[in-house]
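Top to bottom, those sequences are chains A and B. One point on numbering: in the working numbering, the residue at position 236 of the first sequence is 249, and numbering is uninterrupted. One point on numbering: in the working numbering, the residue at position 139 of the second sequence is 190, and numbering is uninterrupted.
In short, the hints are calculated from the structure, not lab data. It cannot be assumed that every hint is accurate.
Unchecked claim - Think about it this way: if two alpha-carbon atoms lie no more than 27 Å apart in a straight line, the pair counts; the simulated DSSO-like pairs of lysine-lysine are:
(1) B:K226 x B:K462
(2) B:K62 x A:K274
(3) B:K325 x A:K178
(4) B:K435 x B:K299
(5) B:K462 x B:K423
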Amino acid sequence: MAASRKAAAVAEPLPATQLLSSLAAALVSGRVRVVDLTQTLAPEFPQIALPPEMGQCWPFRIEEVSRYDERGPGWYWNNFSCGEHTGTHFDAPVHWISGKDLPHGSVDTIPAQHFIAPACVVDCSAQAAADPDYLLSVADLEAFEAAHGRIPAGCWLLMRTDWSKRWTRDGDALAYQNFDDTGQHTPGPSSEAVRFLVEQRQVLGFGSEAIGTDAGQGLHLRPPYPCHTFMHGSGRYGLQCLTNLDQLPPTGSVLICPPLKIQRGSGSPLRVLALVP
Amino acid sequence: MTPPSTRPRRKNPVLRTRQINLPPGARSRVALGLTAAAAMGRFELQQCADCGAVLYPPREACAQCASVRLRWREQSGAGWLIAGTTLHHSNDLFFRERLPWRLGLVKLDAGPTLMVHLHRDVEVPRDGAQAPVRVTARLDRAGQAVLIATTSEDGRAMADDPILREMSNDPRQRKVLVTDGMTALGQALVRAFAQAGAELIWVGHAEPWKQHGSGLASLAALPAVTLVPLDLTDGRSVQALAGEIGGKVDIVVNSAEVHRTFGIAARRGTDVAKLEMEVNYFGALRLAQAFGPALAGRSADGSANACAWVNLLSIYALANFPPHGTYSASKAAAHSLAQCQRAELRAAGIRVINLFPGPIDDDWNQNLPPPKLAPAALAGAVIKALRDGVEDVYPGDVAQEWFERWRDDPKVLERELALGGA
Chain A
14 MAASRKAAAV AEPLPATQLL SSLAAALVSG RVRVVDLTQT LAPEFPQIAL PPEMGQCWPF
74 RIEEVSRYDE RGPGWYWNNF SCGEHTGTHF DAPVHWISGK DLPHGSVDTI PAQHFIAPAC
134 VVDCSAQAAA DPDYLLSVAD LEAFEAAHGR IPAGCWLLMR TDWSKRWTRD GDALAYQNFD
194 DTGQHTPGPS SEAVRFLVEQ RQVLGFGSEA IGTDAGQGLH LRPPYPCHTF MHGSGRYGLQ
254 CLTNLDQLPP TGSVLICPPL KIQRGSGSPL RVLALVP
Chain B
52 MTPPSTRPRR KNPVLRTRQI NLPPGARSRV ALGLTAAAAM GRFELQQCAD CGAVLYPPRE
112 ACAQCASVRL RWREQSGAGW LIAGTTLHHS NDLFFRERLP WRLGLVKLDA GPTLMVHLHR
172 DVEVPRDGAQ APVRVTARLD RAGQAVLIAT TSEDGRAMAD DPILREMSND PRQRKVLVTD
232 GMTALGQALV RAFAQAGAEL IWVGHAEPWK QHGSGLASLA ALPAVTLVPL DLTDGRSVQA
292 LAGEIGGKVD IVVNSAEVHR TFGIAARRGT DVAKLEMEVN YFGALRLAQA FGPALAGRSA
352 DGSANACAWV NLLSIYALAN FPPHGTYSAS KAAAHSLAQC QRAELRAAGI RVINLFPGPI
412 DDDWNQNLPP PKLAPAALAG AVIKALRDGV EDVYPGDVAQ EWFERWRDDP KVLERELALG
472 GA
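Extracted from the complex, chain A is given alone in its bound form:
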């Protein structure tokens, strides 16, 4: 009798009110932890660099309005400026030409439901340490699935490289950007891996620790910038400049990552939080 009641409870999902109150209690008690995957918005945080004759994304800048002084005796506040793609940020489908005509493609029209979703974290830290140009392969994804189960539709695929530690731990902007005279050398996904994730696994988006979702040498892949091209061309999203991915389990975490509601915005800096069991 008791056994059959238990079986029924598993088969029947918890009522939503009970589900949410359980989650709230778990957050309070710490059974569900909140991990911040966001880099601090600071003027010195490395900024994407395009050839100087092209348009540039603004870096983060901040200026005091007043600080308990003659400009405002009792209060402190700042003005800041930045681009939509500054710091830890979200890429919407309209960011790329392949996604320019998709419905609900800008940050203000993306269904809010998509801003909370589970995450799979593929650990490529050893490979990226050995090869800054490392490309996540289909084989890596198959190995991940063999160990942790099938990548579910509608989840984020996060590529853990520990690349963010070059900034958070070492404060080394040169190493984080990793330019030489052939451009930037940072890890990202291969063209085949992106197509596999989009076409065969229907992921929600792709997240990385480096300055872009594509590899630093992504311009030379076929097609150029495959992650931007395929993900955004299929209405999927991007997250970049993530950190603390080493604190996430391979599966089972849930990301909360709503971008700012910018009219016709192509992306936005945002706070990315992970709920971790």
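Model the placement of chain B on the given structure of chain A, informed by the hints.
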């Protein structure tokens, strides 16, 4: 002031840092013509267009024929010292702190007799004889023209004279900040300051990840050089550096600029124009706010005092070059700001030197035909301007020619630059 050739002793930190007392700065409106010429290193006096008389002191009408048609004309300065004296007492604070001070009377070959400061090497003749001298006009610490008699052309050995030192901003034994070491010009400046004997050279660089291939690393080998992060678009970065070295810098050289090659129609949007303004105008403002007060507080700090500020402007600050139209506009804004800065720092005796070069031979002028100014030539002009104590520099043939045309008629230069500057 020109520091002595040997390294000055370190200051005693428990004594008050002396503050500047400026020399008498009042001049009549018409006498500002003398200052305007001295600001560019020239000695000019009024000459009557009707009778040809050369006049001194400056006046409204000719002392010979009462004509009002007086024109400022460059003078050779050749003349004879007819009397000299040494001042051992003065109620003026500036002179009181620098006594003894030598003064003389010079009869110019061109006519007038002048009251002048006397260089150390000029001997006052006895028994009514006269000594040949050359008179030059220099800016004093108050930024006003004064006249100095020397024995010959203004050589380097002469610069150790205490009176000339007051008029000069020699980088020797001084501590210099060059705000951008990532460019060919910045690197040429740093090498020129090292060559000129600067004691310390801080070299700023923004966006460190872009330094690969910029040549910045080659500067680090120079013993006087320290590389420092500095991004003029970031107020916090400017303040952080000022907090670290602001109290030590004697000369600021703002070489940072953004130069893009667009007018109004050639580029959609305002992002490029904003970036130019952000560095060329707002960057200069941030730098002036962060470093200016510290320099002003040390303008009488011993023999290696804070003394000068150098702004990299452009001849296009005077008239717009439409193919580089938004850049020109940003330089015009920077020019106006530099005038404000000069007025504010004058009270502290800090010399603000504005550079108005024509096209520099760099990446952003790649498509302009020669002549273009070599970065090393511009750097050399900066060192010379500091030593000579001038305010405005139009280095190179192109800048000289366009400046003359602008002086003659700004409209002519506007039209000429609109036609491509040919």
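Now the hints, each set against the structure:
For the given pair, K226 of chain B sits about 41 Å from K462 of chain B by alpha-carbon distance, which is inconsistent with the 27 Å threshold. Taking the CA atoms of K62 of chain B and K274 of chain A, the gap is about 58 Å. The hint is violated against a cut of 27 Å. Proposed proximity of K325 of chain B and K178 of chain A is contradicted: the alpha carbons are some 33 Å apart, above 27 Å. About 22 Å separates the Cα atoms of K435 of chain B and K299 of chain B, which keeps this hinted pair within 27 Å; it holds.
With a C-alpha separation of about 23 Å, the suggested pairing of K462 of chain B with K423 of chain B holds against the 27 Å cut-off.
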